[in-house]
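Student: Protein chains in written order, with the numbering used here: chain R, 1 to 361; chain P, 1 to 509; chain U, 1 to 324; chain C, 1 to 404.
Derived by calculation from the structure, the hints in this document are not laboratory data. Because the structure is a prediction, the values reported are computed rather than measured. One or more of the hints may lead you astray.
[As the list claims (entries may be wrong)] Under 7 angstroms between C-beta atoms, here's a sample of chain P residues computed to sit facing chain R:
1) R334
2) P342
3) R347
4) Q348
5) L351
6) T353
7) G363
8) S371
9) L376
10) A405
11) G408
[What the hints assert, rightly or not] In the PhoX-like style, the derived pairs of lysine-lysine whose C-alpha atoms are separated by at most 20 angstroms in a straight line are:
12) C/K400 <-> U/K250
13) U/K315 <-> U/K288
14) U/K98 <-> R/K192
15) U/K270 <-> U/K250
16) P/K29 <-> P/K190
17) P/K58 <-> C/K400
18) U/K324 <-> U/K304
19) U/K250 <-> U/K304
20) U/K324 <-> U/K155
21) U/K250 <-> U/K225
22) P/K111 <-> C/K315
23) U/K309 <-> U/K166
24) U/K166 <-> U/K324
25) U/K225 <-> C/K155
26) C/K400 <-> P/K119
27) U/K315 <-> U/K304
28) U/K18 <-> U/K98
[Claimed, not checked] Residues of chain R placed beyond 10 angstroms of chain U at every Cβ, according to the derived structure:
29) N32
30) A99
31) S178
32) I201
33) V242
34) R339
35) R349
36) A356
All C-beta atoms in this analysis are idealised placements derived from N, C-alpha and C, irrespective of residue type, glycine included.
Listed here are the chains, written in short residue letters.
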Amino acid sequence: MNFRRFGISLIAPLLGVVISVAVTSVILVAINANVGDVFSSMIRYGTSPRAMTLILNLATTYFLSALAVAIGFKMNLFNIGVNGQYVLGAVAAGAVAGALTLPKIPSVIITILVAMVVGAAWAGIAAWLKVARGVSEVISTIMLNFIAIAIISYVIVRTSVGHETSLNVRGTKEIAESGMLRGLALLDEGTKIYGFFFISIFIGIAYWFILNRTRFGYDLRATGHSASAARTSGIDARRMTVVTMLLSGAIAGLVGLPYLLGEAASYNLNFPTDWGFTGIAIALLGRNNPVGIAVGALLWAFLDVASGQLILEGIPREITTIMQGLIVIVVVISYEIVRRRQLTTEQTRVAKALEAQGVSA
Amino acid sequence: MSQNVAAVELKGIWKRFPGVIANSDINLKVEPGTVHAIVGENGAGKSTLMKILYGMQKPDEGTISINGTELSFASPSDAIDAGIGMVHQHFMLADNFTVLENIVLGSEPRKGLSLNFDKARADISAISSENGLEVDPDALVADLGVGDRQRIEILKVLYRGAKILILDEPTAVLVPHEVHELFDTLRDLKKAGNTIIFISHKLDEVLSIADEITVIRRGTTVGSVNPHTQEVSAQDLAVMMVGSELPTPETRGDTIRDEVVLAVENLTVLASGGKPIVDNISFQIRSGEILGIAGVEGNGQAEILDALMGLENSTGTVHFKKEDISNMSTRNRRELGIGFIPEDRHRQALLLTAPLWENRMLGHQTLAPNSNGFLLTPGAAKDDTKRIVEEFDVRTPGIDVLASALSGGNQQKLIVGREMSGEPKLLIAAHPTRGIDVGAQAAIWDHLRHAREAGLAVLLISADLDELIGLSDTIKVLLRGAFVADANPATVTPEQLGTAMTGAGKVSA
Amino acid sequence: GSSGDASASATAPTSSVKVGMAYDQDGKGDGSFNDAAYAGLSKAQTDLGVQIKEVNSGSSATDASREELLTLLAQDGYNPVIAVGFAYSTALGNVAAKFPDTSFAIVDSVVDQPNVGNLVFAAEQGSYLTGVIAASASKSGHIGFIGGMEIDLIKAFEAGYVQGAKSVNPDITIDSKYMGAAGDNTAWNVPDKAKAASAAMIGNGADVIYAAAGGSGLGMFQAVKEAGAGHWAIGVDSDQYTVPALADYKDFILTSMLKRVDVAVYDTIKGVVDGAPLVGIQNFDLSKDGVGYATSNSAVEPYKAAADKAAADIKAGTITVNTK
Amino acid sequence: MNIMRQQRLLGIFGVAIAILSITRTFTHNPDLTSAVTVSQALGFAVPIGLAGLAGIWSERAGVVNIGLEGMMILGTFGAGWAGYQWGAWAGLLAGIVMGAFGGLLLAIASVTFGVDQIIAGTAVNLLATGLTKFLAILLFTDVVGGGQAQSPPIKGTLPSFTIEAISSPLIALHAKDIFIVSDVAGVVAGLFFHLSILTVITVALFVFTAWLLWKTRFGLRLRSAGENPWAADSLGVNVNRYKYMAVTFSGLLAGLGGAYLAIAATIYRNGQTAGRGFIGLATMIFGNWRPGGTGAGAIMFGYIDTLRLIDSDNKNVRGLILLGALVLFVIAAAMIRTSRRATGIGFLLLGGVMIGGFMAASNFPPEVAQVAPYITTLLVLATASQNLRPPAADGVPFRKGEGH
Ligand SMILES: Nc1ncnc2c1ncn2[C@@H]1O[C@H](COP(=O)(O)OP(=O)(O)OP(=O)(O)O)[C@@H](O)[C@H]1O
Ligand SMILES: Nc1ncnc2c1ncn2[C@@H]1O[C@H](COP(=O)(O)OP(=O)(O)OP(=O)(O)O)[C@@H](O)[C@H]1O
Ligand SMILES: [Mg+2]
Ligand SMILES: [Mg+2]
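Could you put the whole structure together from the sequences, leaning on the hints where they help?
Tutor: And the structure:
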């Protein structure tokens, strides 16, 4: 039974990959590239130890971002504001960690808490606007993203939080080695798998556990299935909205940390600011399920990392962006088709099964 | 046109939905210039048939003839062109549009490139005064009540010049005097040569207006009667509808104990406009007692239930076993042992896209066997779901299927089973057996009886007056938000009760 | 290796040197900074016969992805590997340590490794000269500056420009405006906003404007052209008078502050070809002709004397130009 | 009814001018109401307003359009690609076509396949970003003047005109510094000063949309798809066809907004839209899904942006703060009168804080102006959400024959 559903839900992503590979092949042919060579070199490179390490590291970031989005999606809340939440979280974490001179464990724990609190607080504004003032979180989080960017440049350029970390680069004060979480060189001796990779596995399990094994998770999912039924069952929708948004923001606050603590050591103005949007795409791919999201994050990271190899071969790296866009659009459409099909087949199947038992439904 | 050409003739109509055969081999013939009623249980396939006649759904098999010509409809526009109009079971109105906009939508008069509002206004005024359907064309629909909305729906149909009118349960939401007005309008329309197809669950209404009645059971036509030439009673129709003698929901013996389980004082619920929908009512229910509330839909019964469950803002006090729960959250009320079977099972009682065992948890997720307060206990919940499936005869291949895959009746059995588990002290139930088959109905009644004997207090609302009379120990009649009469279930007849509900007559206390 | 192709022209020099060039973000084609780097690369290709490979880091690049890009180049035998832009500093530091036998270079930043040439520019000195020219050319005693992102790198341009202009006319009015705050990556891509800001300066009386704003600079050229004769624009990085994309505006481009990224890149490559790679801080200042001003528009003739005098004073150390 | 509306509009305009005039006089800052400011604010308002108008089209037909940003991006690219080869008008056309293509994609995903509209819009944004970047590399790298992130210059521009006879005397009058009179003169002069043909087209599109959607059969049917598609369907309206038309036209308008950006800049660049699609969406909500309010929202964004950019001596931001405080006071007064006391008093306090800031500091960082429009939008939404009336079925998937 569950295997059946599981099998069906694999169709969509596979279709997405197949169609995007097909379209990409057409494009490659059009630009006179050797299709076979391109894909085989992407795969060859992508499976080398160093590239795999990079993929795992990038996927860690994407995974967290997608989880932050997914927890909202689970109850039909659209947190488009992960961007703003994580950049603010990362700046605050960077500033605090830069100022700390503690042993590793307390330092890292404080850094993580700061990031989560700041991310949650920023998301909390949207939550408050929604429950108290009826403002759609879609639009408020978009506005909050713009505001966050302005706050960050203000803080880094005009306050003492900002330092010149290297010539022409301004950012938070560099974090001492004791505050970093650089990770372990497991696959490749030169490159480390971020410490946060392991933490995010734990967060993924916690996400699954909270959603599927706790009462709170049940309330959250029930609200997503049917807000009206959830209300009748005694779930306080406003409270759920606030708590879920805060949780989403807290996870979002972590998005910048794998890179900050694993590599960058300072939030500077080159820090990427659009991982939140990537998270949306990956949450869609992974259907808000932690394993699905992990796979989606790995696929996305694989394409990103492999694009570096492509450009060396003279293929524009943006071809992978097109693949990502296509995968998303094909997958969301086919999920929808599959979902409908699944409902009707299940209804028919139940009716058939009952007929076979000799009872009428 | 010759006298014996039918206005509408449907032959051999089949319509299948996944898992359901909504219409199987339906044959229907409607004479011109008559009111033709169609009756049948919930889910019998009436609305589906009408949607087919109106071009909203395509039949899998079968033919449609209008005035003797066989036609096939690809969309409602084709049906409209053929002179058919339909008033749907649920209002089909855009709240943010004006009355005028709602009426002309789809057949707008034009002046040059613009919509000709002046002509539309004039036409609507003409039609509405001709048929006694007064409405202000420039009013916003959002500001109007159900009576006005019903009139707009009929105006929509007339505006398109329909000669064949389909009305799917038009009276369900109307108060008695509005029903009378509607029937006057229908009679006028009939006189003017229109043909009317009329669907209702209220069999006395049907008998008073229809020239011919067709009964549909389980998707197929089982017969037609002409109340002018044949002697038929509501009871006869009911027997045709369900295929057997109606089971009697008789409760035997007096099980009422002393303990007051629910005490409600001065309960008032205000509508958004500030008008009371529930108007200062008080009552008590004791352990082992079933209190029935009789009333035409829309008189405040839904709001009473919602207020008791903490889903609606209200004033007044509610005590549950001496504890004041007036300001308690829905969840806390449920945790005290109040079971709730809401009116709309799809919207309020089920997670259609979740498996049965997760539906078992809904509303009880804070308690055993579903959770230990913080963590869920899926194993125990699944076992208990199996128990419900067995005890309540929920017909399903397993507890992992999605709730949406079950038929309405089986969904209802699951809900009743869920709300009766965990030994509730009080059950608040709206239409607990609506739309479910006779056997299942009897089973649910049995469960209620047993629980009552064990001391359960029940607040019951039901449109099925036999059920209400048969199960209740006490009946109160609700009209416009207030109790207007008490009825003794031992002596009252459905007819008397029905009259009392409309405010037209008194019942013996 | 060297070309064994028989049909290869005998005069074309060939070299076994493979140059890897990494741009930041979307890469070359900006008509200023990145294109200047490409000009140097391209000159090396023709003059020295080196082979070239260009890559870009793409949007939302991280230190890790930049590091990987440089590593791939180094691994594939590209030597030298040149990183264009300060965003590469951390990445280059790591890679240079891993490939001690490869020569690296970075533009606009300083990386402390023995095999890295740090190509930094005294943009404030070049800007001083354009400030001198602007103040001399201004009839109204009012000039303007348009910056891209408000970061120290660009502020140095402003500082030099202001100092230069004041050296000519201490009472001069100088308007300045940045297109975006630090971190706001759109700042380089909003010519419409640069145009509005420039037009406003012109409206307030400014008649010479200098823009150091990447792609946004285009808006300044447009505003100056719309203001018509008597108004001048000053370009940046490349000699924008000769940039094909800006041909429409060339009559209004009085001069450009030259940041000779092309020279620096070429010198770096030549150093490797000659077996003497540039390492350490290579300060491309006036004395090295690493910055300067363009003279391709003859309209600048009248102001050359003043500018050249200032240049001489700076080289001589009689004038020090501030970066802030 | 119309006379009342006209009076109300005049009243609002009067109050606005008075506030502007007070602020200008108080801060000695002619920029606030100069012709240049007004003309530039209009210019900035055009792409935002077009995005907002695009949002109205789509959402009035019941499709939430978060893909506006992507459609604008497609518009900028189309304009760059066709513009450098065949001129600005061709660029405009190509931008429109590309934008409409983006709209069509959203329609296919959300209408035909019933994919959640926000999800489908997000997918359109992703695809548009990737596609344009890739195509830019493919089509522009080797063209003279182009690069992998930008097109070669667009040939020619679209006409713009200044009606000297009107603007010159008014500009002179503005310089005279007369309370109210100079301000009206500056604002009016701005309307006839460097007026781009596209600004005129945009205004015409706003008027056209208002007429088409609220006064014609087509508009009634289109809006019915957003209010109650089931009702429309039951009356024979082909709901999905109207949704397709609306969403495609929405894409077209967003594409036009993008094309405007590229043509005004005479070039396509990656990232040129800089979030304007999202801002357009905000102005649409700000404007209660109506053209008038949306236009006003776009002008507010344009005005604040303009003041920030033309601020050569850093006093505009301070002016803006005073302006904002005065506006808050007026709104607070209106609210306290109409018994929304709590919010009114909140506004009064906020205004007071702003006045305090105005008094205390003589200089504000530009970030203040940068965030002003976003904060304004949030404030408007926070106070007016209850009064906003989005289409009832906005974002709700519609499938023929299925109930709701
Ligand atoms: N529009 C619809 N689309 C898909 N499935 C539907 C639809 N309407 C009903 N169903 C399915 O049909 C079954 C019966 O539902 P329905 O509510 O019509 O039952 P019913 O017996 O008519 O009861 P009632 O009318 O009182 O709710 C359920 O499985 C439900 O999911
Ligand atoms: N679109 C649909 N998809 C699936 N099943 C449907 C759909 N519409 C109706 N059904 C099912 O078809 C059967 C007949 O439904 P229909 O609405 O015609 O009943 P009805 O006689 O009008 O009932 P009621 O008295 O409750 O209105 C029900 O089981 C219903 O659930
Ligand atoms: Mg039904
Ligand atoms: Mg029905």
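Student: So, against the hints stated earlier in the document, which numbers end up violated here?
Tutor: Violated hints: 11, 12, 15, 18, 22, 26; rest satisfied.
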